[in-house]
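Engineer: Using the sequences and the accompanying hints, generate a full structural model.
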Amino acid sequence: MNDASKVGSAIALRPDLAAIADMIPNSTRVLDIGCGDGALLEYLVRVKNIDGRGLELSQQNVNQCVARGLSVVQGDADTDLGEYPSGVFDIVILSQTIQATERPSYVLQQLLRIGKRTIVSFPNFGHWRVRLSLALRGRMPVTKTLGHEWYDTPNIHLCTIADFLSLARDVDARIDQALSLNEGERTKPMQPDAWGPNLFAQGAIFLLAKK
Amino acid sequence: MAEIVHPRFLRPLKAPAEDLGQVLKFGPDHPLVLDSGKNLSPLTIAYMTYGELNADRSNAILVAHALSGDQFVASTHPVTGKPGWWDLTVGPGKPIDTNRFFVICANVVGGCMGTTGPGDIDPATGEPYGPKFPVVTIRDMVRAQAMLLDALGIEQVLCVLGGSMGGMQVLQWAASYPDRIFSAMPIATAARHSAQNIAFNEVGRQAIMADPEWRGGNYAVSGNSPSKGLAVARMAAHITYLSETALQRKFGRLLQDREALSFGFDADFQIESYLRHQGMTFVDRFDANSYLYITRAMDYFDLAADYGGVLAEAFRGSKTRFCLVSFTSDWLFPTSENKRIAHALNAAGANVSFVEIASDRGHDAFLLDEPELFDTIRGFLSSQAYAKGVK
Chain P
1 MNDASKVGSA
11 IALRPDLAAI
21 ADMIPNSTRV
31 LDIGCGDGAL
41 LEYLVRVKNI
51 DGRGLELSQQ
61 NVNQCVARGL
71 SVVQGDADTD
81 LGEYPSGVFD
91 IVILSQTIQA
101 TERPSYVLQQ
111 LLRIGKRTIV
121 SFPNFGHWRV
131 RLSLALRGRM
141 PVTKTLGHEW
151 YDTPNIHLCT
161 IADFLSLARD
171 VDARIDQALS
181 LNEGERTKPM
191 QPDAWGPNLF
201 AQGAIFLLAK
211 K
Chain A
1 MAEIVHPRFL
11 RPLKAPAEDL
21 GQVLKFGPDH
31 PLVLDSGKNL
41 SPLTIAYMTY
51 GELNADRSNA
61 ILVAHALSGD
71 QFVASTHPVT
81 GKPGWWDLTV
91 GPGKPIDTNR
101 FFVICANVVG
111 GCMGTTGPGD
121 IDPATGEPYG
131 PKFPVVTIRD
141 MVRAQAMLLD
151 ALGIEQVLCV
161 LGGSMGGMQV
171 LQWAASYPDR
181 IFSAMPIATA
191 ARHSAQNIAF
201 NEVGRQAIMA
211 DPEWRGGNYA
221 VSGNSPSKGL
231 AVARMAAHIT
241 YLSETALQRK
251 FGRLLQDREA
261 LSFGFDADFQ
271 IESYLRHQGM
281 TFVDRFDANS
291 YLYITRAMDY
301 FDLAADYGGV
311 LAEAFRGSKT
321 RFCLVSFTSD
331 WLFPTSENKR
341 IAHALNAAGA
351 NVSFVEIASD
361 RGHDAFLLDE
371 PELFDTIRGF
381 LSSQAYAKGV
391 K
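Note that the protein sequences, when read in sequence, are chains P and A. So for the first sequence, our numbering puts the first residue at 1; every next one is plus one. So for the second sequence, our numbering puts the first residue at 1; every next one is plus one.
It should be emphasised that the hints constitute simulated quantities derived from the structure, not laboratory data.
Result set (DMTMM-like, lysine to aspartate or glutamate): computed pairs, CA atoms no more than 20 Å apart in a straight line: (1) Lys-25/A x Glu-127/A; (2) Lys-339/A x Asp-76/P; (3) Lys-211/P x Asp-172/P; (4) Lys-391/A x Glu-155/A; (5) Lys-339/A x Asp-302/A; (6) Lys-144/P x Glu-185/P; (7) Lys-188/P x Asp-22/P; (8) Lys-388/A x Glu-42/P; (9) Lys-48/P x Asp-90/P; (10) Lys-228/A x Glu-213/A; (11) Lys-391/A x Asp-56/A; (12) Lys-250/A x Glu-370/A; (13) Lys-319/A x Asp-90/P; (14) Lys-319/A x Asp-51/P; (15) Lys-388/A x Asp-51/P; (16) Lys-339/A x Asp-78/P; (17) Lys-210/P x Asp-163/P; (18) Lys-250/A x Asp-360/A; (19) Lys-116/P x Asp-172/P; (20) Lys-94/A x Glu-370/A; (21) Lys-210/P x Asp-170/P; (22) Lys-339/A x Asp-80/P; (23) Lys-38/A x Glu-127/A; (24) Lys-228/A x Glu-272/A; (25) Lys-339/A x Glu-83/P; (26) Lys-25/A x Asp-122/A; (27) Lys-319/A x Glu-83/P.
If you're wondering where the values come from, they're calculated on a predicted model, not measured in any experiment.
Structural biologist: Have a look at this one:
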């Protein structure tokens, strides 16, 4: 169990978001990219007293966030990150979004530039159910975490944990913390380059910084 | 320093029982120093307030009005007898809740509803300024508002809000007096007036100046006014406040009080009749020279130009929290212009929100019943009140 899922019961966080919240020190400056309806951001602002900003693609979500009193701008991670100055945020979050970006490598480099530290979470395409679906059924996997058919998925750049590690190396990112997201929506620390997590984790959360 | 007296209007009051607000008079020892280098003195600022200022003076909200607006935000207009221009937004229990906030709105410098403008007496000649009134800028308007806040003893407002030219003033406030505004809400606006918008303003001005009654701007002595020219200016401008969809939906090709075309130049179509009505009623409450001066102030507005051409520099180090709003069908101050401001604020590391609201009512949407705008204003203001610790 994470602290964040216990504290502030008024705001119930999804377990992966709670795990991210636990990585963030109080009263820091945080940018949440792809902040959705603002659930994580609102939690961080109210409970952890952070100075929070959001960037969100869907205008409807943005309007909802602002009506909730959050500072959120409509924008696209693929095109709009370049305008943010370097190092202005303590932490930049990209939760369950990197697989939907057009240029994951560019986006990750921008995150590392804008934030002193970066949190990235994504579904693991190396999970055994995914592998099984493709190997045995010969069909693109549709699972609980990857619920879209191949023709209407926003996830155009899916990757495995091993793939992400290789990208992190390419962009000179240092990994400070790694968590696996598992069955039953539990998170636990993982050794990212071991074979186990890449086969059994449904998703991963990384805390990174520029080397 | 300033004397508080009763306001004065160019035209007879139709609603004398109404609260007409107050005016502040600044004597020769307190001139308004203009961007043009000239001094405006004496200076009168006419303003309205709604709600109560709290004990620690932390709940003040400044509203900046647009080109044809005035200080009568949420109360009956003394000339037209109509409800205030933002009556839907400002009032007890409304998105800008006067049960909670102290709302101030002042008529802009160059205006014609009590604040010093071209219709006032030039102390140098004893006659109305007319064309001798100095050209004023958005920054001059904001400077005058700062003088008003000083006189009211308000060091920092919780928020400054405004749409269109009001939004320009909000941006200028953020650049000129970042510490005096806790938060800012520029709505349907731009950090510079576009070529297209200057073009429309120029059409309006030429319509006024082409009216023989304008008399080179010295019409006050003649007892007449270039009301035909001003009406045409308003008609042209009014089109830019709407959208093609809204016009089509509201009027289409419907005929006005007739079964068939008249084969003449009467107002056959409802849209013609509507525009003529807009033009005619406008001249009852607005001064032609004020229209020239205020449109010029909008044309001259280019915030980035004062900061080496880099808009972000205008907001460098700003602690103000911003919420920008645009409307999808607004082609006068389109989303792209508002987004440009959002980008600059991001680049300056400022705290910014940006909301685009789907509406087919064009630029005028900011004055209308738009629930998503109301939710945004309400949500933003309460979060700002919370952050500032307003009791």
